[in-house]
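Colleague: One letter stands for each residue in the lines below.
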Amino acid sequence: MTTDPALQIQNLTISYGEKEVVHDVSMKFPANQITALIGASGSGKSTVLRSLNRMNDDLATVDGQILFEGLNINQPDVNVYQVRQRIGMVFQQPTPFPLSIYENVIYGLRLAGEKDKRVLDQRVEESLKQAALWDEVKDQLKESAFALSGGQQQRLCIARTLAVRPEIILMDEPTSALDPLSTSQIEATMVDLKKDFTMIIVTHNMQQASRSADWTAYLDQGRLVEFDRTAQIFMNPQQQQTADYLSGKFG
Amino acid sequence: MGVIFDDELKRLRSHFMEMGIDASEQIYQATRAFVDHDEQLARQVLNSDLKINDEEINLEKQALKLMALQQPVADDFRKIISILKASTDIERLGDYSTHIARSAISLSGRDHDAAIENQIEEMMMIIRKMLERVMDAYVYTNEQEAYEVANEDLKVDLIYVRQQKAIISALTAGGKDVKAYENYLSVLRNLERAGDHIVNLAEWVIYSGSGKLVELNPGKADPDLVKRKLAEQ
Chain A
27 MTTDPALQIQ NLTISYGEKE VVHDVSMKFP ANQITALIGA SGSGKSTVLR SLNRMNDDLA
87 TVDGQILFEG LNINQPDVNV YQVRQRIGMV FQQPTPFPLS IYENVIYGLR LAGEKDKRVL
147 DQRVEESLKQ AALWDEVKDQ LKESAFALSG GQQQRLCIAR TLAVRPEIIL MDEPTSALDP
207 LSTSQIEATM VDLKKDFTMI IVTHNMQQAS RSADWTAYLD QGRLVEFDRT AQIFMNPQQQ
267 QTADYLSGKF G
Chain B
25 MGVIFDDELK RLRSHFMEMG IDASEQIYQA TRAFVDHDEQ LARQVLNSDL KINDEEINLE
85 KQALKLMALQ QPVADDFRKI ISILKASTDI ERLGDYSTHI ARSAISLSGR DHDAAIENQI
145 EEMMMIIRKM LERVMDAYVY TNEQEAYEVA NEDLKVDLIY VRQQKAIISA LTAGGKDVKA
205 YENYLSVLRN LERAGDHIVN LAEWVIYSGS GKLVELNPGK ADPDLVKRKL AEQ
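Protein chains in written order, with this note's numbering: chain A, 27 to 277; chain B, 25 to 257.
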């Protein structure tokens with residue numbers, strides 16, 4: 027690994043009740059890069075992703091270490107709200123709140139108690155620009171976020187995540203509800219965001235992983251089968267199982 | 025396709041152009057070395073062929089990565105494939121330059137035939153012009169230009185056949201430096217083959233533009249064409 031990891035998991039094992047769904051997964055997520063988690067439904071990729079900012083706390087038992095800036099954040103005494111401020115999440119379906127575009131972007135900041143109008147204005151502009159949405163919405167910031175198209179709503183959700191200035195952005199199938207054009211815009215946005223953020227995405231869309239990710243991890247039935255540079259995974263995977271999955275051959 | 029693909033394609037194209045320019049320079053320098061009897065220049069050409077070989081390998085790596093990771097379709101797919109295929113033809117042009125440079129070294133100190141050397145120089149000028157035009161056609165996917173370039177190959181073939189006959193008659197008459205003429209034959213052959221590879225490049229321009237796989241070599245499309253043209257003159 028050429029860059030320092032922004033986040034690292036060690037011996038991560040996750041169970042829903044008695045059923046263990048992720049088995050002893052260890053990975054390092056390089057800083058300022060995009061890492062894609064791929065695998066069939068039920069492979070555990072979303073479960074791993076959601077555990078990274080403690081979103082599985084109420085659903086599952088998560089064992090093992092999640093190391094962020096030298097600290098194991100998988101401990102009961104770690105403040106999960108602070109964790110989620112530093113490690114943000116963008117979901118599969120765009121989830122704008124029934125508020126204006128402006129209020130959507132600063133939602134997290136308001137929760138954190140920020141009141142200075144200048145700070146808020148500046149953060150709205152900065153975040154919308156980073157999410158490549160500013161030019162399209164700068165004259166309608168006071169209008170409802172529901173007036174935006176699906177692709178714009180998803181970029182708004184990215185801006186909302188960026189507004190609290192996280193270090194890491196988790197994306198769970200960020201474009202599966204979007205058309206090819208919006209998908210390509212989000213992918214271009216992701217590549218742009220790399221200079222400032224580390225991204226980890228879960229995707230069913232293998233082209234999306236190959237097009238935009240620097241690193242790709244293939245999971246199967248809760249186990250990490252292979253994790254390498256995307257070019258290596260897609261052009262010359264070391265495991266036959268990875269090759270079979272990528273080319274749609276099973277069994 | 026997205027911005028990432030467009031940027032990568034732009035990079036691939038500029039490397040491809042660079043390779044074409046280098047090949048054109050190589051052919052020019054090799055042939056110059058041959059007709060000017062400049063052994064030193066010939067040795068320089070031999071040393072720089074490695075550059076074109078490296079360029080081809082890098083271009084292939086870049087194109088294969090683009091194919092595997094960006095998975096282009098339709099015209100984007102054709103653009104990559106045509107560059108990938110054409111880079112092999114350009115690499116061959118580099119090889120012919122090397123052969124010509126070797127002939128230049130082999131010719132040094134032997135008899136010269138100014139008339140044949142003039143024709144070789146003319147052939148090289150036609151080829152160089154063809155190569156420059158076909159690279160231009162690549163940039164703008166100009167199919168009309170590609171067709172015109174392919175037709176120019178007839179001129180190259182005519183010089184080749186005519187000079188080949190002249191050399192054989194001279195050798196049959198006797199009293200000539202056979203080794204020197206062997207070099208002339210070899211260079212003529214190399215330039216003739218270079219012309220064929222430039223026609224291949226033109227075919228890839230057509231594929232890139234319209235998706236049609238065509239045979240543009242005038243001699244292949246009409247095997248008796250060169251013979252008829254010679255009879256006309």
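To be clear, the hints were calculated from the coordinates, so they are not data collected in a lab. None of these values were measured; they are calculated from a predicted model. Just so you know, even glycine gets a beta-carbon here, dropped at the ideal spot from N, CA and C. Be careful, since some hints might not be right.
What the hints assert, rightly or not - Okay, the calculated bits of chain B under chain A, using three or more residues with CB under 8 Å as the criterion:
no., stretch
1, 63-77
2, 177-188
As the list claims (entries may be wrong) - Chain A side only, calculated, beta carbon under 8 Å to chain B, not exhaustive:
no., residue
3, PHE172
4, GLY176
5, GLU213
6, VAL217
7, LYS220
8, HIS230
9, SER236
10, THR256
11, ALA257
12, MET261
13, GLN266
Claimed, not checked - Pair by pair, the computed Cβ-Cβ distance ranges are:
no., chain 1, residue 1, chain 2, residue 2, range
14, A, PRO206, B, LYS153, 47 to 57 Å
15, B, VAL27, A, GLN265, 46 to 56 Å
16, B, SER210, A, ALA66, 20 to 30 Å
17, B, LYS109, A, PRO206, 19 to 29 Å
18, B, LYS34, A, ASP50, 38 to 48 Å
19, A, LYS221, B, LYS109, 32 to 42 Å
20, B, MET41, A, LYS221, 27 to 37 Å
21, A, ASP218, B, SER210, 53 to 63 Å
22, A, SER170, B, LYS34, 21 to 31 Å
Colleague: Should the hint that PHE172 of chain A touches chain B count as held when the rule is a Cβ pair under 8 Å?
Modeller: This interface hint is violated because 27 Å lies over the 8 Å limit.
Colleague: Note whether the CB distance of LYS109 of chain B and PRO206 of chain A lies within 19 to 29 Å or breaks it.
Modeller: About 28 Å separates the Cβ atoms of LYS109 of chain B and PRO206 of chain A, which means 19 to 29 Å holds.
Colleague: Looking only at beta-carbon atoms, does the pair MET41 of chain B, LYS221 of chain A fall within the given range of 27 to 37 Å?
Modeller: 29 Å, holds
Colleague: Please check whether GLU213 of chain A passes as an interface residue: C-beta within 8 Å of a C-beta belonging to chain B.
Modeller: GLU213 of chain A check passes; min Cβ-Cβ to chain B is 6 Å, inside 8 Å.
Colleague: So, LYS220 of chain A near chain B? Judge it on the closest CB pair being under 8 Å.
Modeller: Check failed: Cβ of LYS220 of chain A comes no nearer than 11 Å to chain B, outside 8 Å.
Colleague: Counting residues of the stretch 63-77 of chain B that have a beta-carbon nearer than 8 Å to any beta-carbon of chain A, does the count reach 3?
Modeller: It is violated, with 0 qualifying residues against the three required.
Colleague: Against chain B, with CB atoms and a cut of 8 Å, does the hint on THR256 of chain A hold up?
Modeller: With Cβ-Cβ at 7 Å, under 8 Å, it holds.
Colleague: Regarding the hint that GLN266 of chain A lies at the interface with chain B, is the smallest CB-CB distance below 8 Å?
Modeller: 18 Å, violated
Colleague: Quick check on a hinted range of 20 to 30 Å for SER210 of chain B and ALA66 of chain A, using CB atoms only.
Modeller: 60 Å, violated
Colleague: SER236 of chain A was flagged as interface toward chain B. Is the shortest Cβ-Cβ separation under 8 Å?
Modeller: 4 Å, holds
Colleague: Tell me if HIS230 of chain A is really an interface residue toward chain B, meaning its C-beta lies closer than 8 Å to one of theirs.
Modeller: 15 Å, violated
Colleague: Taking the beta carbons of PRO206 of chain A and LYS153 of chain B, is their distance inside 47 to 57 Å?
Modeller: 43 Å, violated
Hints 1, 2, 3, 4, 7, 8, 13, 14, 15, 16 and 22 from the list above are not met by this structure, while the remaining hints are.
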